[in-house]
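Number of protein chains: 2
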Amino acid sequence: MNQQAELALDLAQRAQDHIDSERLQDAIATLACFGGRKDGGVSRETLSDADLAARRYLVDQARALGCLIETDECANLYFRRPGLTDLPPVLTGSHNDTQPVGGKLDGAYGVVGGLELIAALNDAGIQTQRSIDVVAWTNEEGCRFGPGAMGSSAFVVPARLAAYRESVDSQQITFGSALDAAHAQFPDLGRRPMSSALFAYIELHIEQGPVLERAEVPLGVVTGIQGVRWYRVTCSGMAAHAGTTPMDERADAMVAALGMANQLYAYAASQSVSALRLTLGQWRVSPGSVNTIPGEVVFTIDARCIDDAVLQRFEDELRDVTRSWTWRGHIDFECFFQRSPTAFPDAILDLIEQSCQRASRLAQRAAPLRLSSGAFHDAMYLADHCPSGMIFVPSEKGISHNAAEATAPRDLFLGVQALAYTVTALATGVSL
Amino acid sequence: MNQQAELALDLAQRAQDHIDSERLQDAIATLACFGGRKDGGVSRETLSDADLAARRYLVDQARALGCLIETDECANLYFRRPGLTDLPPVLTGSHNDTQPVGGKLDGAYGVVGGLELIAALNDAGIQTQRSIDVVAWTNEEGCRFGPGAMGSSAFVVPARLAAYRESVDSQQITFGSALDAAHAQFPDLGRRPMSSALFAYIELHIEQGPVLERAEVPLGVVTGIQGVRWYRVTCSGMAAHAGTTPMDERADAMVAALGMANQLYAYAASQSVSALRLTLGQWRVSPGSVNTIPGEVVFTIDARCIDDAVLQRFEDELRDVTRSWTWRGHIDFECFFQRSPTAFPDAILDLIEQSCQRASRLAQRAAPLRLSSGAFHDAMYLADHCPSGMIFVPSEKGISHNAAEATAPRDLFLGVQALAYTVTALATGVSL
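Residue numbers (the numbering used here), protein chains in the order written: chain A, 205 to 636; chain B, 205 to 636.
Chain A on its own, in the form it takes in the complex (with noise of 0.2 Å):
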């Protein structure tokens, strides 16, 4: 190891040392003040009143820490903590809205962890070669204007962002006038560009799953994003009476569709050594009526899997399914979406780990497990950006996306750890 590498390990224990884990609980619980909810969930719906208010409060926050602020045509916010050097930063951060009925650490943490470690740092009097930003990206959740991570993907790939502009709200609110409604409540906000260099990104978040909670582990490494591919499978037969139809002269889309969808699962259970994720989530049956035979069905697949081979692997079946089921209908199948599984680079998930390490040891907790993410995140558009990596803690009972999500307080401390350690270490001279 070079005297530069030593130095930046140096900083990043002393960095990580400085977290406080009371700053950090009250701040996670000043932000779900936003939206906050009676039974302790939040509806901070992206660039809803509720996230407009999160948002100045984190802009008087980050200002109080002596950050330089900045927003861009996405209306995504940047908290800088300048370094010595104009080399590109390193960026944390993650997303400040919630679904219409979410939890306080789902996006929230990964924002607030940021600034923790922006405090720790002046706290402990650390200057950085890199300049640290911590982002808050906009409308990560996707449910008041669809697609999700409109913001990270957008700066990404900057074209993407005229057409996000058009997507309406329930209420026929565009993307676009929203955003420049946004703009006009921070008029004095600095705008960079899109698509800006970044030396890293590395986000903070909670696991929204069951696997470390069950392992007993508080520190995630997560190796990448599962892809997904999205499927419409339709079953055409011919709706009839119930009563009057025998059996062997039906042309059931139910009938269809139920041993289509059985044939589906046992192959996602002779795949769980691949862990081939399977999900019937959505389904159409018509006419719907107690005593007639259904006349057709359609029903979606959301396959996902860390390889990309097995889900075409099970395209493959799918097909094969569709084409060989025999009966008097017919079955298509679309797939309506799909995105490629995400590797972060190693030499990420080594700095992670060794960050998470140390933090688990000194607590005197497990050894950090790594993992796969089941869900999107904004880390998944910026690695193809610069090299990006992803930190979770557990979450209690796997639950996500609902009131109840919570996490261990002492958990929450280890990861903004971790959190402060790989983002020092990235920002005072780990190369990549």
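Honestly, the hints are just simulated from the structure, not real lab data. Be aware that a few hints might be false.
Pair ranges (Cβ atoms, derived) [unchecked claim]:
hint: 1; chain 1: A; residue 1: D253; chain 2: B; residue 2: K242; range: 51 to 57 Å
hint: 2; chain 1: A; residue 1: P397; chain 2: B; residue 2: W529; range: 56 to 62 Å
hint: 3; chain 1: A; residue 1: K242; chain 2: B; residue 2: D384; range: 49 to 55 Å
Some, not all, of what chain A presents toward chain B, calculated at C-beta under 10 Å [said to hold, decoys possible]:
hint: 4; residue: Q412
hint: 5; residue: Q430
hint: 6; residue: A446
hint: 7; residue: G447
hint: 8; residue: Y469
hint: 9; residue: A472
hint: 10; residue: L480
hint: 11; residue: R481
hint: 12; residue: G485
hint: 13; residue: V501
hint: 14; residue: G602
hint: 15; residue: N606
Think of the CB as a built atom: it goes at the ideal place given N, C-alpha and C, for glycine as much as any other residue.
With chain A held as given, fit chain B onto it using these hints.
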């Protein structure tokens, strides 16, 4: 055979031979004009303006045939061709209403066929011992006001009418007020008491299924009406993120519902010799999102069979499957409608078979087939009141409740011939 019965069969043959196919076709076409649609279908929901206009047409036709016309508390219409005695009459007919989009034949055929029978008796100059009444039952379809078969059901058990009068349509009009308005349109008609004595009830109807067409047989002797049980099955699991939740951590309600449903279909297939019919027609999958594991699935089961013991064994199987299903959620079911099978008496079946055999033989067509009815009919309720029976003619491709509903004119002709024989025999001295 005694002399009376011999005479009765002689008159029955004469009545059968006086049926006029052209007059029948004209009457079917004319009645279909009331609520007639450009696509060839008929929209004549019960007690609608179209239905009331059709009733006026039928009253005029019956009056021209010399009939005595009466109604009752449920606006059922009766057209009487008086007999020589005041013995309980023989009743035939069906219903005058259609589905929102129905065909020309469902119900209408039985009413028009009854009037054609009276015209034939007039032409043949036949006097019957018993009066012959043709009925047009109110609201058999049950689509505007639920349940169906109100007219026949209330005729048999008049106490049911009070509850029926409270039934409302989509415009919040009660069945009671629609009845009152209908009565006001026919102020000169006498009121017949409900539940009056009948010697027999014979209903002529299209099959609404594919059995006769498949067998290339023009006439069916209906042995009875299938029993039905309707169940609602609720699978309660846990909604969760499709991406983050490992397969072995899920309580996927759709996996449970599909697995159960496939087991029930397999059971039905194993019971094919008993002709158990199974339809899973209504599905509600919550929350119904592509990327969320279904937390709750509710589906309905329509189970039908001519043998109540088979239905009971199915219910036992359903209970077993429900109880023995092993997963992280739970499954409940309830029976929300039940009607035992109806068996028509042998004496009626034999007489109908005789009438069908003669009509088929003279037309050089295949001998009649005995079959059960999968659909409900007014005869199902009448069977609780007097010896009842039904005659079926084929439905092209088994299609009904559809503008495409059709039956070959030569089959419609044979059906009314069989009806004429049966009813005349019953009205002139055949004993039961």
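Structure-based check of all given hints:
no.	hint	result
1	A:D253 with B:K242: 51 to 57 Å	holds, 53 Å
2	A:P397 with B:W529: 56 to 62 Å	holds, 58 Å
3	A:K242 with B:D384: 49 to 55 Å	holds, 51 Å
4	Q412	holds, 5 Å
5	Q430	holds, 6 Å
6	A446	holds, 4 Å
7	G447	holds, 3 Å
8	Y469	holds, 6 Å
9	A472	holds, 7 Å
10	L480	holds, 8 Å
11	R481	holds, 6 Å
12	G485	holds, 5 Å
13	V501	holds, 8 Å
14	G602	holds, 6 Å
15	N606	holds, 9 Å
In summary, this structure violates none of the numbered hints.
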